[in-house]
Structures are given as C-alpha cells and as structure tokens.
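Asker: Chains as they are written, first to last, in UniProt numbering: chain A, 1 to 462; chain B, 1 to 462.
If you are wondering where the hints come from, they were derived from the structure by calculation, not from laboratory data.
Every residue, glycine too, gets a C-beta built ideally from N, C-alpha and C.
Check the hints yourself; a few may be wrong.
These stretches of chain B come out as covered by chain A in the derived footprint (C-beta under 8 Å, 3 or more residues) [said to hold, decoys possible]:
# : region
1 : 32 to 40
2 : 85 to 93
3 : 123 to 137
4 : 201 to 207
5 : 220 to 232
6 : 344 to 351
Protein chains: 2
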Amino acid sequence: MFARETYVQRREILKNTVKSGILIIPGNKETGMNYKDNWYPFRQDSTFLYYMGINLPNLYIVIDLDEDREILFGDDLTPEDMVWVGASEPLNTYAEKCGIAEVKAMSKLKETVRKAKQKGQRLHYLPPYRSKVTIEISELTGIPVAEVGATKSIEFIKAVIAQRSIKSEEEIIELHKAVNITANMHRHAIRRTKHGVSEKQIAGELQAIAIAGGGNISFPIIFTKNGQYLHNHATQAVVENGDIVLCDCGAETAMNYAGDMTRTFPVAERFTAIQREIYSIVLDAHESSSSVLKPGHKFKDAHILACNRIVEGLKGLGLMKGDTQEAVNAGASTLFFQCGLGHFMGLDVHDMENFGEQLVGYTDEIKKSTDFGLKSLRLGKALEAGNVLTVEPGIYFNPYLIDAWKAQGKYSDFVNYDKVEQFKDFGGMRIEEDFLITTTGKQLLGEPLAKTIEELEELKNS
Amino acid sequence: MFARETYVQRREILKNTVKSGILIIPGNKETGMNYKDNWYPFRQDSTFLYYMGINLPNLYIVIDLDEDREILFGDDLTPEDMVWVGASEPLNTYAEKCGIAEVKAMSKLKETVRKAKQKGQRLHYLPPYRSKVTIEISELTGIPVAEVGATKSIEFIKAVIAQRSIKSEEEIIELHKAVNITANMHRHAIRRTKHGVSEKQIAGELQAIAIAGGGNISFPIIFTKNGQYLHNHATQAVVENGDIVLCDCGAETAMNYAGDMTRTFPVAERFTAIQREIYSIVLDAHESSSSVLKPGHKFKDAHILACNRIVEGLKGLGLMKGDTQEAVNAGASTLFFQCGLGHFMGLDVHDMENFGEQLVGYTDEIKKSTDFGLKSLRLGKALEAGNVLTVEPGIYFNPYLIDAWKAQGKYSDFVNYDKVEQFKDFGGMRIEEDFLITTTGKQLLGEPLAKTIEELEELKNS
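Kindly produce the complete structure, drawing on both the sequences and the hints.
Answerer: Next comes the structure, spelled out in structure tokens:
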C-alpha cells in the first residue's frame, strides 16, 4: 500500500467532485474456475485499489457524501479460517492504513444502503464487470439484475476517470517497475525462443518471471507464430526456423500496476530479407507516432500518423499504391493495421476499460468512431501530462481479411492484391512500448529493451 | 477430444438414467479479471467436457429426453472475430466430433427452453458455481436468481456423479499423464528450492512446467514454508536453510484431467532430526492408510486409520498420550490433522465438488459429519473399482489452534500441551499421492516420485 495520506487525498478529491449521495464501491471476490472453491488468482478491483489500496477479497466501501462518512464493510477471519489460511491483520488495521474511520460487519451493508435509499440519497455505483457484483448490486439496491448496468453513475465514473488518468509520482515508480519486469520477460523470450520449442513452453516461462516479480501477468500472454491474429494466445504449436514470433505480454506488480510490451523477432538467428523490410516499416511507424506525443496532441492524430507511415512503407514494397493520405482517409490501411495505436495503462493494462472507451479515451467533441479499424482505437483525445499509454503499431497479413476484401474489390485503388497474395502466410508484426506524457513531451517507461533489427539479433544470439 | 463414440455412449447412459424432461448443460464463458475482456485462462465446465468434450466458450447443450433430441447452441466466429483470434472450425464440425446432430444459434436457446416449459417438461440443470450461469439459468427458466441454486435437479446430479465417479481406460491414461506432469513439477521444486529463493519464484516455475505440459495448473499452487496453514499459497517470503517447505500442486492436461500431489522437504540439504521424526509419522500414516484401499473399503475408515497412526506417532514423541482409539474418537487428533485424508480426482481436482460433498462422497447411510476435522473429509463412502482419489495425511502445528485449545483445556487428557508448545514454530507436513482403485486394490497413478527421507535428500542434492 501507499502511504495513508495518498488514499485520504484521493478520496477527498472524489468526494469534492461527486458531492452528494452515497458511493458504493465493491471489492472483488474470489472466483471459482471449475467449482466454487477452486479459485483463479485473486484480482482486486482497480478502483477499489486506487481509493483504498486493500488487496483482500470480500470487502465493500460505502462513502456517504452527505454525512461525510466512510465505512469499510467486511468480516475478520474466524479461528477456523486460520486453520486454512493462517492469521491476517484485522480489518481495523487495514482501514487505518488507508484512513477509513469506520469498520462494520458485511451483514450491515444492506441496511446501510437501504437507509440511504429511504432518505432519498442518490446511490452511485460503477458499472460491474463481474456477474457476482451485478447480483450483489441488485440485491443491495433493489434494481433488477438486467438493469444494473444501465443505472450506473456517469458522474461517479467521470470523477474516477479524471483522477486515475493522471498518474502521481508514486504510481509512476510502480509503472516503471512493472515495465522493467515486462522487459525481462521479453529478454527471456527473445533469447529462449529456438527451433522446436512450443509456444506454451515459452509462455509459461514468461509467466514464471511475472510471478517471481511479486505479482502476475497483467493480461493473457500472446506468444505466437500467428501474430496476424491480434489476440492469439499461446498454443501447443511448435515454432520453427523461418517463423517470426510475436510476443505481447506484461507483468503487473504486487501493487497491481501493469506493463504491456510487444516485440516481434525471428525464431532463427536472423530476420529474413522480407521480414526486415516489413519490420522496418513497423519500426518507422512506431518511432514516428511516438515522437509526436506531448500534452495537447490528440492520440488519434498519432494513430493517423502511424497509418500514414505504414501506407508509405507498403507503397515502397509495392503492396499499396495511390495517395497516402487518401488511402488512410478511406480506411485502406486497415487491411494491414486493423486496430488502434494504443491505450491508457495503469492499474489496468487497458486502464479503466470497464468504464467504456468513449468516456475514458474520448470527449463529447471527439467521439469514438464506428468504422472498422478506428473503432478499435481505445484512445483518441488530446493527451495530458501524467497520462501513461502504450504505442503499438503493427502490420498484420490476415489471410481471411485479404481473401474477403479482394473478392469484394474493396480498396482496390489503394491495394495491389496480386502482390499482397504473396504475403498471406507472412504472419504479423507489432512493436509496443509504454510512455509517460510529461509536461513537454514523453518519457519511455522502464529501461530500454532491444528494438532495432540489430539489437534484437544481437540479444537473440548473446 | 476422445472418440465420438465415447461421448455418444456417455450421453446414452445419462439419458437412460434421467429418463424425462430436458437437460440444460451450460458451457463456461470467458471471465474478466479487472474488466470484461481481460480474461482469466478459459476453463470449460467439467460436466460439459465429460459429455461433449468441446473446449470452447459460449456454448449450451440441451438434451430433450422426451423427444430424444440433442442440440448444441452457439455461434460461429464472424469474419471480424477472425481478425482478433484467427479462424476456427465451425460448430457443426465440433458437434459431429461428439455425435450431436443439431446445431442452433444461441439466440434460439431461450425459445427452446420456453417451449419445453410450456409443454410441462421438467427443466433439469446442475447447480451453477459461476454467477454468470446463475443469471443465465434465471433468464432462461424464469426462476429468480436467488432461487436458482435451490431448484437444481438432484436426479440429474446423481446420474452425473454415478458416471463420472468411475473412470474409463481412456480417462485413466489422461490421469496418468496429469500426474506425471505433476511429479515433474515436484522434482523441479525439490531440486530448485534453495536458501534465499522466494516462494513465488518457485511457484512460478512450477506453473511454467504445467503450462508447457499443454494445460495449466489444476488449482492454485501451495508452495510455502508455512505449511501449517492448509491452503496457504505462495507469497513473496524468502525460504531459508532450516525451513521446511510444503509443496502441494498439480497440473491439468490439455484435456483437463487433473493431478494433485504434495511433498514436504527441507530447504537445506538434509532434514533436521526433529523434521525426520515428524516426517516419518506422516509417511507411516500415508503408507498405512493407502495400503488398505480397495473396493468395498470405506474411505472414512482409511481416514480414521491415518488419524490412529498419527496419534501413535505423536505419542511416541510425547506430544500426545492416552488410548489412541479414544483420542481419535474424541477428535483430539484434529489438533494436528485438521482436515480429511483425501478426495476424488478427475476432470476436477476435487472431482465434482460443485455438486456438494454429501452427494459425491457420501451416501444416505454414511452422512458427512459436522465435527471439526471430519467435516473436511470430502469422501467417506465405500470405494469402487474405477474411483480415482488422493491420499494426503499431514501433521500441522497451527499456533492459533494450539493456543486456543490449550487455553480451553481442550483434549487435555490426550495432548501434552507443554511439549506441543515447543513445536509451535515447526510448520506443517503433508504427503499426497493419487490412486486408482482397481478390482483387487489400488494402483499408484504416474511414475513414482521420491517420497522417503532418503529419496528426497538424494533428489535434492542430485
């Protein structure tokens, strides 16, 4: 946990923003895999962590804005619990550590919410992403399960987004830590990937590094020779010389701050000539689009710049043709780059994605697009100092998409399908790094990791 | 997947047992950790796997017993899904692989259930252990969320338990595989655990072995120098010479069959004299209680035998006193052995625990006890050939329990608390192996793993 004062101040700002009603903040519970008590690794809710820092299951916080009361609801371990899990500090101690004055038994929660409702107080809650919480919110408030999502508090959501979007110094230290563990995972992947190993073999080793770092992986590891599929997880497939491997993985620290990086590299000792060509385009798109990041610059413009660089590069190889800007405006670049340039990162790897991308990454003026490609851009708005985000352009030769669009003659003014045909088994490449927006520009998070072709080949063969 | 005929036959038996109504069998969905789309590793429901073998999310099966129809509900990937996850075989192909004739879109499920209800057919479903499924069953059947658990079909549950309790030859092959990967995890743990490593470091490496094996861990890894707490997971604590480490872990195969073993060993090269003494008692309890396993023998009796051996051993060390059988009958052994001797194992590491331990491990004649200790014995009934189970006695010096019971004078006729005081920082020891009940006795699953003090020390220092 951070210092007590951190949590007190964060809640103070929150209370001054939302002003009236009660805030109901559920912590997460353990979640069963194949039966109730066979748990997935516990992951506390990020907003709960942000305001209270208590990394334990089965808690609720209620903040009464009208009476200025903060209450932690939960139950201390019984002697019998201690047979199974040992002792734990009492909840009073945890409440003290984050500056919360009152602790009550979980059995009192329903009554507290009921009384607030009776008094006509607004019940603010965030949109649940776990069904268990949906059911609980329904039971607490009397709102039917099917309507819980729709009755979330936009006011509360916006207040949380405003705070969590700007990282404090202590958060940035944690983020550097997360990215450094993440970079270690990549160093291991680049060095250990050899002809004949399975994707899952390496993916398991990467998870071990994340776990040894004190936390766990921040999202399911993408380690695949089929990087053309954007979220393709590791399988039992064996990688071979000639393949390129896309590794997109991240650690989260014991305090649950996330890292998220991608490297693409050959299984063999060297990139092939054509792999070098495509890689160089992705690297150029990465360098160009990250170089413009600074407060006030729209992330959507950085995305468009990356698209431009990709089209330019692919024109150079004869895969695309026509006017670059027109091709990007028309959406032709999405045949090769089907997703967005990046996203916020923090306590969640896609930070605050549970609140919805329009509210987190856009504004009333800059709405999220519904077009293929741009609709997967999670962040579009102007940047602010303190934002932390990823930059991750890529080129993906998806054979299904190529076949479908070729058959439709889609973007035939901009795409040389005959040439593209030759790349249908190429795979996909992505380069991803994490940045902090500073007052004047940007700062790379973590120690630099091999990124150029020369650096990657050197690391691979070291 | 197993051969088509396997699934057809399993469903045939099920249909002949339950006879009338419709069976609603939900597959599991992806589950978000900290937001909806940041998924935990997918784990299919075990009963769904048993009858259909399809390891994909977002499916339902409805079996109409009255009209003898089997329908798989689900949706094929869209071209846009293929951008993210690549291609997949159509559901028709999967249905064929498990011998199901009809495939319908998920949107048709509700209508199918509604019609059955209208016709007055009984709607059979198993007790959900995931909140998402609870909500879905409620939406499908009109039963309120809070009552879904209570309206489960006991008839359906009993039919499934009867089938899944007896493992077929092909299942036993998978179980051997799971236990062999599990034994490899233990070999690694025993050799790699050295003064100065953190619990999480080793736990991560063990998970990597499970993942490389094609599946994942079958339950959260227990790797701890505080083995006195029965389900204590790995922490960032560093282990040191003089500590003993309890490692309880298991792999599940790509087909989701589980292994589950425990070894306890010193961090240093050798057990200390007192560690040897306690270990020898646990080993004796393990050997004695597993030697009696055979069809017709009640597992509860094997548990009682283990308790007896533990009391005998502790009497030898002066920690207990009085008549052994009386001590066990009174429950005095539960100061040191607070849980049960073992449990069924199969597609779930605690096989079918979602159906409730009374139905799975007991009968109308042998009810599950509510006494401390015995109430944690998940299996009590007479064994049958084809059962697969664990045997895992242990001795746990839980300082909180010792203090509490000493203060109450509990079992003071049988416990020498003054002597026990000296063991309050000893920790805990457990030995666990997995067995198949054969027609004449039992068979160890997997290749034997170092278990005696000599074998463990030899492996450690090899």
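Asker: Now tell me if each hint is right for this structure.
Answerer: Cross-check of the supplied hints:
1. 32 to 40: Holds, because 9 residues of the region 32 to 40 of chain B bring their Cβ atoms closer than 8 Å to Cβ atoms of chain A.
2. 85 to 93: holds (count 3)
3. 123 to 137: Holds: 6 residues of the region 123 to 137 of chain B have a Cβ under 8 Å from chain A.
4. 201 to 207: Since three or more residues must qualify, the claim that chain A covers the region 201 to 207 of chain B holds, with 5 doing so at under 8 Å.
5. 220 to 232: Held - the region 220 to 232 of chain B has 7 residues with a Cβ nearer than 8 Å to chain A, which meets the minimum of three.
6. 344 to 351: holds (count 4)
Hint compliance for this structure: no hint is broken.
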